[in-house]
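Position chain B relative to chain A; hints supplied.
So the chains spell out like this:
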Amino acid sequence: MEMNMKLEIISFGKISEFIGHQQVEISNVTDTDQLKSYLETSFPELVGMKYKLAVNQNMIQSNQSLKNEDKVAIMPPFSGG
Amino acid sequence: MDNERYSRQLILKGFGATAQNKLINSRVLVVGAGGLGCPILQYLAAAGIGTIGIVDDDTISLSNLHRQIIFTTEDLDQPKVKVAAKRLGLVSPEISIVEHQLRLDKNNIFNIIESYDVVIDGTDNFDSRYIINDACTFLQKPLIFAAVSGFEGQLAIFNVKDKQGVATNYRDIFPTPPAPGEIQNCAENGVLGVLPGIIGTMAAAETIKLIAGIGQPLINTLLHYNLLTQTQYTLNISVGHDYVLPKSKADFILMDENQSHSNAPIYEEIDIKRMLLLREQDLALVIDVREKHEFPILDQDKFLQVPMSEFNTFIQNNIEAESIVLLCQHGIRSIAAAELLQEKYGAAKKIYSLKGGIAKWKDHFLKR
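Chains as they are written, first to last, in the UniProt record's numbering: chain A, 1 to 81; chain B, 1 to 368.
Bound conformation, chain B alone:
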């Protein structure tokens, strides 16, 4: 251990070498390298957490930079995981950074989280949050939960027993996810850049407290923070009875969204970048569900045209592709098509709808 690097923590009363050694020997997984993930990663790396895993499947865009402060304008379009890992390596060369450039889902989550001591959820959607919560709860893996909305944030620690031996998880607060569109995310609702900075920094502090065994981490406590009034409000979390968690890993993978995510869609709305990625790597069949008279006409080698008026007949035949991207003019009919496919295939296929449709990404579709 580089004593000079950590000297200000080593001389800190109530911290010292004992706590620093616990940090060095710990493995922390940060899910989401966004507004919350950036400050979490920066402080954990600087503090000397021995191994830090980063999960994210996204690339850096210009609208990220006001809050995702690891990244610079030079990093645009680069994968977040790669750029973040490089930067953290420059700050703390003696720690290990593990890159997981992917999106966590029910099939891959156990393999990834099992080797870590603590998981931090800094994602931006309920689907991921519930999958992370359920997998961590199944493994009784400590989970730091952080989320923001508007000018407000939430923070809690799950799956860690309090002095009475009681542990809680996110479903003890919210047994089922909200319906799509009920709660807006930052992309729809906007967010002041400094807010995830504050909540992310607090999440890093809770992680350090939990691992080092100092202070009173937010075990079984939901902290609410309001930036506009600079106030905090805490709620004590108790064990709820309105949900059932899977009993085995197989159960977990099969656990149907019907029960756990009552209203949440299995299909996912994606942007043009993800669509291109899926198509270029031959990972998905891309279907244009517009009628034949609609413009622009797309390259039929790349886009299979199945107008909505023929869609029901079309899906009576089996589709071989495991992933299907649907698109239309504005991204509305493609959702209807996604729902039809979801009805037929459930979670057996990955179904995507191009958000905003061709109209939103016309620069891409019109260029020749």
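Chain A with its partners taken away, still in its complex shape:
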């Protein structure tokens, strides 16, 4: 069964300059690996950048399935002091 998934994307730092806070409706994305390639295709600036994904405020360490209405955060490293 093909269904669109609704996700909330929250980004920070430099990444928020090209991926604003938004709701996306996407098809063919069921896990975080697929979401990463979706994001890197839609926002090529992201390719090669270091960032951490979190789903519903929990950082993910390996591929993880997504469900409708999940909140996905994209966090880059900061170094300034």
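These are calculated hints, taken from the structure and not from any lab test.
None of the hints are false.
To be clear about the criterion: a stretch of chain A counts as covered by chain B if any three or more of its residues have a C-beta under 8 Å from a C-beta of chain B, and this derived list gives those stretches: (1) 7–17; (2) 44–53; (3) 72–78.
The following residues of chain A were derived to be distant from chain B, with all beta-carbon distances above 12 Å: (4) Gln22; (5) Val29; (6) Asn68; (7) Glu69.
Ideal Cβ placement from N, Cα and C applies to all residues, glycine included.
Coordinates of chain B only, in the frame set by chain A:
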């Protein structure tokens, strides 16, 4: 203990003499006496942390003053560690302040951090942050991490076990450092002075909470703060699997940047002050890699001239100096030369490139 000095904390419900004694008996190392370090140091000293170590190798410059609020215009060009220590001593004469006027590196870090209970990372670059993280993680030393970028900040506590017995470190979030230039620092990107003030103050609060054993410190939690929207967002940190930490101190020193800092250079870009310091103390060989026809012509007693066109031949011979500073007109060819030296010597030598080159520091090079 001076009861009157700490009276407002002593009468505070949930704090009191028990917590105050824990502060007095604790030893905290603050790495970086900059935008984050200043408020951290001021609040920790005022709160009565018994021993505070300060690590920084920099001197005070005019562009620091908008955010590094311990320092005054009279302190320009003075070492940050000295000025900060003096000021903190005036605020809290009964605590000990330990000055470490140096830059932490893989060779000196264990000696310095071992005697402290808690380390606070308020540095301004990824190289230092990863070295501090790795050494603290190796020792399982509590580490308060604070960083800023633009109008945003990050804060977390590493190497402290939560109720489930789980401890995390910075590499659980970012296993390897970004490539050079991928993430800008404050010098390149700018920063509103009050932002490191807020994040630094929060870091001081987390340190006090952790030591006093009150509230819920940010263990295994990354706090993100946005000044423009006055919002906070927290992320739960879990244990990652994408990195290997050294098994011994020897391993740590040998651990190659290839593995841990995949893209990070070993060479370092420095400003004119550090170059002069290195040269005046005979700590480094300074090489001018411009071609012979380029102006200004530098004093050949002070600068060894090895044009880029001859550089490959030159480095076939062994260089004895342990530290080498490279410079050129704009600081670009000197990076290429630094990379060649890095290829040959790896981490065995300290390699520096004068950032911006002679053009940026022409006042110095042209004066006679």
